[in-house]
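S.K.: With the sequences and hints as input, model every part of the structure.
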Amino acid sequence: MPTFTLDQQTIEYNPGDTIMEAASRAGIYIPHLCYHPEFTPHGSCRVCVVSVNGRYVSSCTTPASENLDVTNISEAVQQHRKQLLEMLFVEGNHVCPACEKSGACTLQSVAEFCGMLSPTFSFQYPNRPVDASHPDYMLDYNRCINCELCVRASRDVDGKSIFGLSGRGHEAHLVVNSEDGLLGSSNFDKNDRAASICPVGVILPKHQGFNKPIGKRLFDETPINEQMVEPQR
Amino acid sequence: MSAATVEAINNIIDNNHDPDYLLQHLIEIQHHFHYIPEIAIGALAQTTGFSETHIQSVVAFYSFLSLEYQGDYRILFSDNFTDRIDHNQQLKTLLEDKVKDASVYIGMTSCTGLCDQGPGLLVNGLAINDLDDQRVEEIAALILNKEPVSNWPVHLFAIRDNIQRSDIQLQQESSGGEGLAKALSLGPDQTLSVVDASGLRGRGGAGFKTATKWSFCKQHQSDQHFVVCNADEGEPGTFKDRILLNTYAEEVIEGMTICASVIGASKGLIYLRGEYRYLLEALQGTMQKLRSENKLGNNILGQNGFDFDVEIHLGAGAYICGEESSLIESLEGKRGIPRIRPPFPVQQGYKNKPTVVNNVETFWSVAHILRQGADWFNQAGTEASPGTRLLSISGDCERPGIYEYPFGMTLTEILKDCGGAGAQAIQMAGAAGTTVLAKDFARQLSFEDLATGGSFMVIGSQRDLMDLLDNFATFFRHESCGFCTPCRVGTLLIEEIIQRFNHKQGSEVDLEQLQRIAQIMQETSFCGLGSTAPTAFIDALNQSPELFTERMGHDIDNPVFDLEQATRDYKRITQ
Amino acid sequence: MNNTPGKIRIATTSLAGCFGCHMSILDIDEKIIDLVELVEFDRTPLTDIKEIGECDIGIIEGAVANSENVEVLQEFRKHCKTVVAIGACALNGGIPAMRNHYSLEECLKESYVDGMGLDKPLIPSDPELPMILNEVHPVQDVVKVDYVLPGCPPTADMIWDALTALIEGREPSFSLDEVRYD
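Chains as they are written, first to last, in this note's numbering: chain A, 1 to 233; chain B, 1001 to 1575; chain C, 2001 to 2182.
Worth double-checking, as some hints may not be accurate.
What the hints assert, rightly or not - EDC-like mimics (lysine to aspartate or glutamate), calculated; alpha carbons at most 20 angstroms apart, straight line: (1) C/Lys2144 with C/Glu2054; (2) A/Lys82 with C/Glu2068; (3) C/Lys2081 with C/Glu2168; (4) A/Lys160 with B/Glu1052; (5) A/Lys212 with C/Asp2182; (6) C/Lys2081 with B/Asp1557; (7) A/Lys216 with C/Glu2071; (8) A/Lys82 with C/Asp2177; (9) B/Lys1571 with C/Glu2068; (10) A/Lys82 with B/Glu1523; (11) B/Lys1571 with C/Glu2071; (12) C/Lys2144 with B/Glu1496; (13) B/Lys1334 with A/Asp156; (14) B/Lys1295 with B/Asp1307; (15) B/Lys1100 with B/Glu1052; (16) A/Lys212 with C/Asp2177; (17) C/Lys2081 with B/Asp1307; (18) B/Lys1334 with A/Glu171; (19) B/Lys1416 with B/Asp1167; (20) A/Lys216 with C/Glu2178; (21) C/Lys2144 with B/Glu1508; (22) B/Lys1571 with C/Asp2126; (23) C/Lys2144 with B/Asp1133; (24) C/Lys2144 with B/Asp1557; (25) B/Lys1098 with B/Glu1052; (26) A/Lys82 with B/Glu1512.
Calculated directly from the structure, the hints in this document are not laboratory data.
M.R.: Shown next, in the form of structure tokens:
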């Protein structure tokens, strides 16, 4: 099998693998948000950035190839991730103490793993209303990071295309495909793949907020970098 | 909804249910109604199979499309730096004052490509140049008279080519298809060799070798190949494609046809930026003429089995669509979000087939190169940058316009020609390009030194470079496609920081953040927009730090917090 | 107050916060006795000193929501060599900043005019009262912050680790499981 180097380790890969895929198979954690092994790579969050022969690339979209010299965990790479995570935090409203996803949130856990203490950029405090129209689920757009995992899950697994992205630039935002744009008017179902894919606290089940005490939540006991399979949310 | 509305929509859709034409239909509907009526969204959902939400999300991506009726006239003032120094803001205010009660929307848009004869504006998608008080008053009177734009006097729309300097290419007589005939007689491989020998490099800015791109595409096996002409000339300060499409369209299409003969394509597309809609009719006429001369269509110039035709797709106000993979997405009727590369367009482009995307000027040069030979071309220029290229010169100079130069000219020589003596800086290659200060004017135009996609903006000594940065910051915030984190958020944060400095409220904290944001955008952005957007700010910081340090608050270590402003609401509520 | 030579002087304040971070400071339990050996408290809600003197470390809890918060924070910055912002509200506005999605007028009307059980609906505007800001700000919008401790509140251990590091002249650093935003 062909190989490349990641943090001085030799990694085998299958032709066609991305760096992320090969590293995951070898049990190496590369921090990521918009990547998910069940779906085609997206490359938008940039958090899986690694340094390859001195250049920064996203590991989820860069094909593995012979002689790559990849740095995953270093001060410089983690610094880059931290800036990107800071940007995501200041762009939305991520009030961890008041969020039901806290402790099971990938954004939070990745940021903690990458050593972000607090964002230093200017907080935008966007005004994004909550959609509570669906009987079983709610959408809190304040926490959306535009990763499009729900878009892909609903389109590619559920065959429903309930979610989409609209607008441009910093106005790009998640939309629901229904007549009035509300989740309650769509054919969204609690058993959809899209219902359990959100890495942050946008798509949340109703009637069970804060059901796990601090200390018992998904990432309390096993930090994200030690969860070898993609966490079930 | 009236029957007439429905009929107009049906006429536009014209039984073309191909989802790839969604954007084209939307553009025509916008053009007809000056907005996209709800009923049109429903009709398109039925014919294309897309959800209404999807169609609305496409509309929301493009600046020139609007879901709300905003009036019978939609006026967008061009807002490039060159428009600003010619007082576009004051002219906009003047027009707003004059037409207060009329059914009109007045807004701003990114550079419309009339920088040599600005300020410019678009009225219902059509370009007007040379704005001054008098012309604005004339426009106001037409609006108040409810005169349809089709009845407006032609002198308002009289856009000039404005060629100031011709060199070996512009000096040519019309090619008359000789280049294409030559290519057909040489055959694909030899034609490719000629293009290769000429050393031609892409004129869009990146400078990739044209023959290499073509040969990658040619090598890629597929039942179909495509030729795409990138006429989305969106880099602020660039307008040379405007004159090529206006006066030299035959050679541009000839170049596309030559490319088709090499890579084996039967279809070509021109992606024409919405700002240049006024060129559409003439371009279609040119294509009709070429068809009648058998230079497009079937068995071109009698060559059995060589069929090729060209179609024009319009853009709708999105700078990102100049990026080739976004352009392809837009050609396919979608939001212009760049694609993951690899695969590259030469492998999987339009409709996922191998596609060559080249700049207008590249194709134009190809026609001349085939006609005159590789040596004729590469005798000019430098070793690494053979040939000549067109510069769009604008800003603080006596003779703005189009200049053809061999590569290797120094900025000093160019400035002398255009009457830009005393300039403090040249903005090379537009908002995404490099700021060259006067001390470096001995540098030369070339890929190995100062590359440009054609934009050359002269910044006079009377200008405040912070105003230039302010213009660019707003431009990038507006034009980021929003797909990747660093560009979407970084452009927003940079604009905020630049505006703080512009209001003399900067601090060391802001400077430190600006550098951090710029670095992360340069190194981690998904496409070239994000990685080049911070260049001007970093150039300024490195070359003219006083621009920033002289605009700090009295306590430079701490952020400026304006308590007066921050308590304004409370005072108002409790007064 | 006398300044004891050799002792580190610390001031603390709670701006728009819930006092939870101060509770967490007290939560360092008996270690506070060790701490008192090393430090001397200047202005804090614990000492009830109103004016801040020259200090080594200023600890800020809470977000910036009114004109008094701004003034206190700027005083702290002026008088403290090192400013440490602690807790979600100080760092990112936290719960108080959730009002930023509403206009100040809406907030005040909801509280003082349209709210339930109001005897004499009236938006308070006595000149003695601090003016409420249009929006709630994190501490970093007003002054430069030297160190931050995340958490709601930061744990007593984290506060202890950071303080002892600063007192000993080290850079505070935290283990992976110490860093939490809630």
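S.K.: For the pair supplied as a hint, B/Lys1100 and B/Glu1052, confirm whether the alpha-carbon distance does not exceed 20 angstroms.
M.R.: Distance ~34 angstroms between B/Lys1100 and B/Glu1052 Cα, so the pair is violated.
S.K.: Taking 20 angstroms as the top limit, are the C-alpha atoms of B/Lys1334 and A/Glu171 close enough?
M.R.: holds (17 angstroms)
S.K.: Decide if the proposed pair is consistent with the structure: A/Lys82 and C/Glu2068, CA atoms, cutoff 20 angstroms inclusive.
M.R.: Distance of about 33 angstroms is beyond 20 angstroms: violated.
S.K.: For B/Lys1571 and C/Glu2068, compute the direct alpha-carbon distance and say whether it is at most 20 angstroms.
M.R.: holds (15 angstroms)
S.K.: When you check the alpha-carbon spacing of C/Lys2144 and B/Glu1496, does it fall within 20 angstroms?
M.R.: Cα-Cα ~18 angstroms, so holds.
S.K.: For the pair supplied as a hint, A/Lys82 and B/Glu1512, is the alpha-carbon distance within the 20 angstroms limit?
M.R.: holds (15 angstroms)
S.K.: For the pair supplied as a hint, A/Lys216 and C/Glu2071, is the alpha-carbon distance within the 20 angstroms limit?
M.R.: violated (41 angstroms)
S.K.: Is the straight-line distance between the alpha-carbon of B/Lys1334 and that of A/Asp156 20 angstroms or less?
M.R.: It holds: about 18 angstroms lies between the C-alpha atoms, which stays within 20 angstroms.
S.K.: Does the alpha-carbon distance linking C/Lys2081 and C/Glu2168 stay inside the 20 angstroms limit?
M.R.: holds (15 angstroms)
S.K.: Would the hint linking B/Lys1571 and C/Asp2126 be met if the CA-CA limit is 20 angstroms?
M.R.: Distance of about 11 angstroms is within 20 angstroms: holds.
S.K.: Given the hinted pair A/Lys82 and C/Asp2177, is their alpha-carbon gap at most 20 angstroms?
M.R.: Within the cut-off at roughly 17 angstroms; holds.
S.K.: CA of A/Lys212 to CA of C/Asp2177, is that 20 angstroms or under?
M.R.: holds (18 angstroms)
The structure fails hints 2, 7, 15, 17, 23 and 25 (numbered hints given earlier, in ascending order).
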